[in-house]
Structures are given as structure tokens and as C-alpha cells.
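Enquirer: From first to last, the protein sequence lines are chains A and B.
For the first sequence, this note's numbering gives the first residue as 1, with consecutive numbering after it.
For the second sequence, this note's numbering gives the first residue as 1001, with consecutive numbering after it.
Hints are not guaranteed to be accurate.
Said to hold, decoys possible - Facing chain B, according to a computed beta carbon distance under 7 Å, are these residues of chain A, among others:
id, residue
1, A43
2, P388
3, G531
The hints are simulated quantities; they were obtained by calculation from the structure and are not laboratory data.
Cβ coordinates follow ideal geometry from the N, Cα and C atoms, glycine included.
2 protein chains.
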Amino acid sequence: MHILRINTRTQEARTEPVPPTWERLGGRGLIARILLDEIPATAEPLGPKNILIWAPGLLVGHMLSSCDRISIGGKSPLTGGVKESNAGGSTGLAVARLGIKALLLEDAPADDRWWVIVLDGNGVHFDPADDLVGLGVYASAERLRERYGQRAAISLIGPAGEMRLRAAGIQNLDRDGMPTRISARGGLGAVMGSKHIKAVVFDPPKGAKPPLADPKAFREAQKVYNQALMAHPQTTVYHDYGTAAMAAMTSHFGSLPTRGFSEGYFEGWERISGEHLRERLLKRPKPATPTHACMSGCVIQCSNVYTNDDGEIITSPLEYETIGLMGSNLGIDDLDVIAQLNHIANDLGLDTIDTGAALGVAGRAGLLPWGDGARALALMDEIRRGTPLGRVLGSGAAIAGKVLGVEQVPVVKGQAMPAYEPRVIKGTGVTYATSPQGADHTAGLTIRAKVDHLNPEGQAALSRKVQISMAGYDTLGACIFAGFGFAAAPKDTIARLLRARYGWDDVGEDILTALGEETIRLEREFNRRAGFTPADDRLPEWMTREPVPPTGAVFDVPEEDLDTIFES
Amino acid sequence: MHILRINTRTQEARTEPVPPTWERLGGRGLIARILLDEIPATAEPLGPKNILIWAPGLLVGHMLSSCDRISIGGKSPLTGGVKESNAGGSTGLAVARLGIKALLLEDAPADDRWWVIVLDGNGVHFDPADDLVGLGVYASAERLRERYGQRAAISLIGPAGEMRLRAAGIQNLDRDGMPTRISARGGLGAVMGSKHIKAVVFDPPKGAKPPLADPKAFREAQKVYNQALMAHPQTTVYHDYGTAAMAAMTSHFGSLPTRGFSEGYFEGWERISGEHLRERLLKRPKPATPTHACMSGCVIQCSNVYTNDDGEIITSPLEYETIGLMGSNLGIDDLDVIAQLNHIANDLGLDTIDTGAALGVAGRAGLLPWGDGARALALMDEIRRGTPLGRVLGSGAAIAGKVLGVEQVPVVKGQAMPAYEPRVIKGTGVTYATSPQGADHTAGLTIRAKVDHLNPEGQAALSRKVQISMAGYDTLGACIFAGFGFAAAPKDTIARLLRARYGWDDVGEDILTALGEETIRLEREFNRRAGFTPADDRLPEWMTREPVPPTGAVFDVPEEDLDTIFES
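Just chain A, same shape as in the assembly (with noise of 0.2 Å):
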């Protein structure tokens, strides 16, 4: 393995050995290390000295089920401090197979030229791109493909990533090609407009693959891993209903973010849930399906297939986050809408999650009512257009909010909040405010947790425990669903993973925490040189006050507890 340089100025490539403090760590951990090592902590996010990342976790490489997502980070200009956004699809395993333990995107271009960077087994090249500036994801990933193969790995953007919108991402194809796989948080899509790279090509030659130190005992934990995995109930669950399980679930707590955030119970809450998902894709001619997965190896497949009545995909997956910000935040609770919302936003590359958000603050501004599907589209349409009002809403929840004058808006961190309302779910409203990412429920959710989400006592050291894990699957490249299957199997599986993998006999059963601590060490540590401060780890002060209907609960949890959640 090695590091890969490109200067995006210059169009210089240079293949570096991996630096000793860099080389244990991968994914997540990987890109905080590096952005202390390499960025400084007060650039601008969209300027030359930021650096767009890859970094495959530890374990990607060998399709493990669930562990081959790749993780882009750099410095966020959705919340000016460290930003990791992983995905699932084929780009982890091709960087991978490419021998590329990280890839440097560093400076910016001059001119308005933009590229498509070519990483095969010859090397580095750029190839113009401008034939594809203003296309969508789907219509820029078909080109992409007819031109570099079906077989190849595509990070790239949309129009919103080249418009530099702060809820930009940067979309991956899946194992069918689609470019769906979006690691959506934090803005890095606008990040990739601002060095004017489109696409980055990832086509590893035929049957490379990282090397095994001890291949016989890779596959033995491999397989104790997949029974742990395949034997879970959730499992199953996410098999059948996909990740839009959840609403049944936040529904009953009270904790269905609906019409901007302002209520905990959508009236309409059954008819976006995961069964009623499931039943109306079944009926819908293929390609249509409750069950899919992105990425090769993978035994839970939680993704799906949405079509309309003619079997024409409108968008694939749909997830629970997007039918929560797009549906009950928005009073929307017709599938389809949801879906083509879904679609759109996949087409120009935003987050589904910030954008949802900012349709909400949309909502409070009274320019969408609630409910309003043909509306919402229109102001997706306002985005693709790029009209001022599509800049605002693609700048994300909190710029929206200053600029329509809406204080109650469900950031932190400049972050929007995903679809569990923290006045009821607490432990979860500890991840958003402490989360060095900002809002964020892949980084620590706690729905899951057999406590009184609504009792304030215990939900940081609960917190804290989620997101140490978190922090260590997201540095192994394993899905948040991996956790299930390693939670469930012996306790020295990772260990045995990454012995077998690596050689490192030195690796213990802590391994997954060791991970998840460092990596949020690394991360706040940038953040404080990016001059976050204990008021930064708040939730926003109108949760405090505000109660939610209707369990009528307000954020609650001490700020002491916020303050020392990770001292202990």
C-alpha cells in the first residue's frame, strides 16, 4: 500500500510510502491524522490548502460483508472543522485494489478548466472534463462509463458539487454501476468543484487485490464473522424493510422529525414506513426491490429499488433519512414524492439530509407548506437552476436559516440533524452535540439502547460508548451494520481480521475501541485548532426551551455531561 499525491494545479502525481503514524490507522482515523498532519486547521475549506481525501478502512479490500466502504474526508465548509463521510459501492474496494492506502487531492486550479483524474494500472492521468460540467450524476456517470468501462470505480460530482453548494457530496456507484452510494455529509462535493475535479476514475487491473499476510486465517475469521452476521435478527430486518424500518420505530418514541423539526409524530407516518416501502415495491414491476446491495459481498443488502408503475427506477436506495427530512420534516407522506425528491437530489450529488433540512427551514419561512410535494419539487428544480433561492437551500439547513430569518433550525455545527429528534432520543442528541462531525447519527445512534431515551441521567456515558464504535468501524471501513455481526461474534474477530490481514500480532481484543478512541482524539484535536470550543458541543439553545409535541420533551442533558464525555 501506498500514498497517492495529485496536485490538482499542476497535475502531479506522486506515490509516497505510508508514514509510520499513518499506517494503523485507515478510513476515518486515517483522514483525521491526516488532516492534522497535512491541513491547516484555519484554511479555507473551499480554497487551495484543503485536501480532498480517500481512504479505504483497514479491512476493505476482500469483501468482507459490510466492510468495504470508503471514507472522503477533509475540511468541512459545512462546519469548518474535520470531516469523515463514508460510503458503501465499488470505490472502496477498487482504491483498494489500486494499492492506495490514501489519495491526496491538494491545491486548486487557476483556470476554469475542469477534469476527470484516471487512477489504472498505468498510473495517473487527467482527461478533460468539460463536456461533462453541468450534467447530472446519472447522465455523467453513463459517459463516464461508456468511456473509461463498466468495470471501473467513480467518485464524482453533480451540478451541485460544481456550483460549490455547501450540502454537495460526492456520489460512488454501486455495484450495478448506479452512482448512488453518496458520501453526503459535511459538503465535500463542494470541495471536489473547488479543485474542478468532476470524477476520479478508480480502475484497478484484473484480479489485484491487497495483500494477505495470512490468507488461511483471514478466511476462518472471516467466516465466524458472516455466521455472527447472518445469524442476527436486525439482519433480516433490514433485509426485508431497509434501513426505513426505522419509522415505525421513531414513531412510536415520538421522535419522527416533522414539518421543520417542530413536531415528534407525523400523522402520516405509516404510509412512508418500511412496511408499507416494501409492500409497494413488491408490487411494482422490476427492477423494483425491498432488497439490494451496494456493494459485492454484502449478505444484510438493506438497499432497494425504487420504480414507478412502468418499472422505470426513480431512485435507488431510498433510506429512512431521506423519508424522514424529505418526507415528515417536509408533512409529505406520499412515497413517490418522497422518492423523486430522493432522485433529484441524488442527480445534482446533495445530501438528502441537509436538504431536507433546509426544505424545513423552507417550510418555517412559509415559502413551502407543508405537505406541498409539487412545491418541493419546484425548489429542488430552484437548486438545479442555481437561482438564488437554490443556493440557499443548497448551502444547507443552517445558511438557509440565517438567510430566511428561521432561528429554529436543527444543526449543529452548521450540520443538519438526520431523523431522530434528539429532545426525545437523547443519547442521540449527546452524538449531535459532541459528534466531532457535527449532527450526525452514523456517528453514534442510541435508539437502539434498552434505556428511557427520555431520561436525561446516563445518555453521554451511552453516547460516548456509540461513538467510540462508531469511530472504529468507520476507521475499518466497516457499514454501521457490520457492528451487528461483530458485536454478536467472538470478541477477538476484528483482532484475528486484522492480524490475518496485516501481520500486526500485536493487535488485541480492544482493537475496535483503541481505533474509535484515537480517532476522535485526532478529530478534536483539529477541531480545537479550528477554534471549537465546549459551546460548539451543544445542541441548539431553542431545543433546550422549545418542547417537542408530543411527548413535550425538551433537550435536557446537562452541559457538564456534554463537557466530559470524553475525559473519562
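Following the hints, position chain B against chain A.
Expert: For chain B alone, kept in the frame of chain A given last:
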């Protein structure tokens, strides 16, 4: 003197004695103290926990030349930190004559009605203001003066404050009753709008005056100060040319912000200079004049009245900062156009600095061709109409840059820079970077110092000295130009005035420094609690690497100097 608290939700008013720790402060220093004591540092600036404060400086109330300024303050919606913005006109005098040391507008109403608060000899009452909503500042002031008499002082907001735009200020009447003395900076107009207060009318009983402990000693010290002020050469310069005199000096140094802060020299500078302004106003029919007093008793009279050829007032005053930000910064060299832009900003109740800087951002984004006055006027009309683009521009330069995808934005702590290019006048750059107020020339302008402004050495010490003096003057209620008089007068003049006014016999010669140091200490502590760190005490990173023509200077004062500036 007493403290007056008015709850804008319940409409209850309460008079309280002055707490001992507030006693020896006024104006800016008292506002910092009140913020620390009463506003949770992480409160939302436009939420009910923010408090909008009027506090006259310690010397206000006796028509001491240039020393009757009103400080208005609260937590800034633009910077998120401490904010004090002072203005001339008649408000300071009237507040002091009502015996009010500080007026605190607390809480926020839950409904949509708007109010005028009236303070007079009979106490406090609320009058409906719904008929004034949407009216510009000029029409509003006219109606208010008809209703409440020509003698009353008034603080009021325009449509910008009503729309809660973050570049909105609070206007005050000048001694002629024109609503042109704006507490412009930091978005305090939006705070007033968030509390649904269109205006506060201050109507002290005739003849009311704050008591003097020793009237004779006060008159003696006043005489000494007045003589020193009158004898100072700068008094004559500002009397004849107003603040616009500065254009020649900044042009000479290459520090006149030009075309979105991309250059420091404007080829049309002579047409927007103080000399040209004076010449034009002397030719125009009355009431045009290059010499005009904003408050009673002022001997400097740096203000002006700008008319068209028919003698109709276009604006008053036309100040250097506006000429810089709405003139050279937009490539506009026609004073008539600049005066019209100024008029619209005044009528909307907008800070011309942050709005001008936002228009400069629009220029960099390609929405405003440099020098196109008609387009600039059309953009101001977008703000008036509250269109999405208008709301973006009215939100100030920092937010405009984020929405419009412009990284080279001239802001610190979210607040736009006045018309001194900080890469060239580096001491002022240090002030911009380190003032707790955000970028602000009145916090410590160094351009008159006899130093090499391009040499980074010693600039922090220079800035520190001036910042402390200015914080002291802002606490006294003294205009930035009163400093000429105090600096030239015997060293104990301020102490003599304070002793004679309050009977504080222990006040010594170092009182200006003591007040300034205490004020900055309090402000920094509030900012610290609000989440500010050394990373916020920086110029934007692009100014450290993009040279500004014609000097080719970058901002290169060492970060260590910025970090330690207030430590010694």
C-alpha cells in the same frame, strides 16, 4: 441614574437601582458587563434570551463636544459574539436626560404584532406600530415625529431589521430630526426586529439633566477639552472635508478597497475623494453642506448633507466607509450614485459596510459588473423587496460569500471589513483580527500612526494601544474624533470630567486605559464563553496568501503576535 428593564413579551417595565459592578461603566464597557451577567453566551441572537441594550457613555448628558454618543448592544447575530455599536445624534443625550444608565429590552413576543415603546416623564408605554411595518426609516421617522413631537429622540429600524437581516442596524435621529445616525454594525437591527419593536421614543421632560457633582469643575474641564479639540488640525480637516478626507490617504498607501478587495488602488479615487465631495456640495443648492453637526454641541461637525442639483437631499451624511465599500469596492466612481446607494441603505436600516462588502461579493460572483451603478441600485431594490437574493445580500458579506460560492470574502468573525485594506495597513489588520467586535475600524484604526504600515513588526503593539484607547472612548460616549481633543489636552482632563460629574475622587489619569482594558477583558470573556478561540482572531486565510496590488502585500503579522496581543 437607574436601570430600566422592559419585557417585550409581557410589556412590563421595571426600574431598578444600578448594581455596584455596573456603576463605574457606561456605553460599550457597560454593555459588555451586562452581556456577561445576563445573556447566556450560547443563546440564539434572535431568540428570546438575547437582550437589546441602550447605554449612554459615562460622559453623556451635558453636551460635551462629540461626547454624547449612544451605545447599543447585545449578542450579535452576525458574529455570534459581543456587540456594541455606537452612534451620534440625539439618542444618547435623551437617554441620559431620562436618568437611564441602561435600557434592557428583554424576551420576545410570541405573536406577530409590532410596537413602539415610548419613554417619557410619565414612564413607559407600548403603542401599536402595525401601521409602520414595511415603511422605510425616513417615512417611519416622519410619522413618529408627527406623533410624538419634534423634540423626542428616536431609535428605529427599517424593513431590514423587520426582516431580521443580519446586516441591519438601528437608526437614530440627528439633531435636525433626520434618521441618519446608525448603530450600524453587527446586526442589532435584526435583534430589535426579533423583539417586534419598530421604534423606541425617548422624550425626556424639558430641562431634565443628569446631576453634576461639581458643576463648576465640570465646566472648567470642559473648557480645557474644547480648546484642545478646537486647536487640533484634524478638527479643521474633518470640519471641511468630513471623513471622506480619508480617501486621499488610503489611496496614497494603496489601501483603498477596490473591486471586492481584490486591489488597493482605485483609478477613480479623486472623483470620490473628500476634496471632490466638498467641491460638489459647495456648488449644490442648500441644504447641501460639507459641514454639519450630528449632535448638539459638536465643534467638529464632520457630517455633511448631500443634495442633488435641485436641492433635494439624497443622503446625509455620506461617509468615507460608505464611499469605500459602495464606491471603489464596487468600481463606482460617481458620488451621486454612491449617495443614492447610501440613501437606500439608510432607508432600509442597513449597515453600508456589510452591505457594500456583500455587493462586492456579488461582484466577485459575477452578479454585479464592476462600476455598474444601475445594477448596484437594482440589487439594493432586491433587498427592499426581500427576494432571496436580496435576503442573501442583506445578510452581510460572510453569508453572501457562502451562498454565492465566493471564498475571498473580507470578514473577521463574520463581520465585514471597513475601507482600510488590512494587508497594507497592517496595524488595522491586527485590529480587525483581534477586536472582540469583529472587523471594525472604530475599534482601533492605526493609519495615522507614523510607522511603516507594510512592516509587520510592532503592529500588534500599536493596535493594542489604539484598541484600548478606543474601548475607553466608547465607554465614555466619546466620538472617535473626540480623542484628538483628549490626547492634546492635559492628561488629567478625562479624570477631571468624571470627578466633576460623578464625584469619583479616586479616578486617576490612567482612567481611559483602565476603562479600555476592562472593556476588552469583559468582551473577550463573553466571546470565550460563546465559543471564540485564537482561531477566530485571524484575518481570512486568503489574505495571508493573495497579494493585493499595487503594493503586492499579504497579511503577515505573526500569529503569535495576534494570540498574545492582550496578554501583556
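Enquirer: Would you mind marking each hint as holding or not holding in the structure?
Expert: Hint-by-hint comparison with the structure:
Checking A43 of chain A against chain B by beta carbon gives a least distance of about 6 Å; that is within 7 Å, so the hint holds. With 7 Å as the threshold, the beta carbon of P388 of chain A comes within range of chain B, its nearest partner Cβ sitting at about 4 Å, so the hint holds. Among the interface hints, the one on G531 of chain A holds; its C-beta lies about 3 Å from the nearest C-beta in chain B, closer than the 7 Å criterion.
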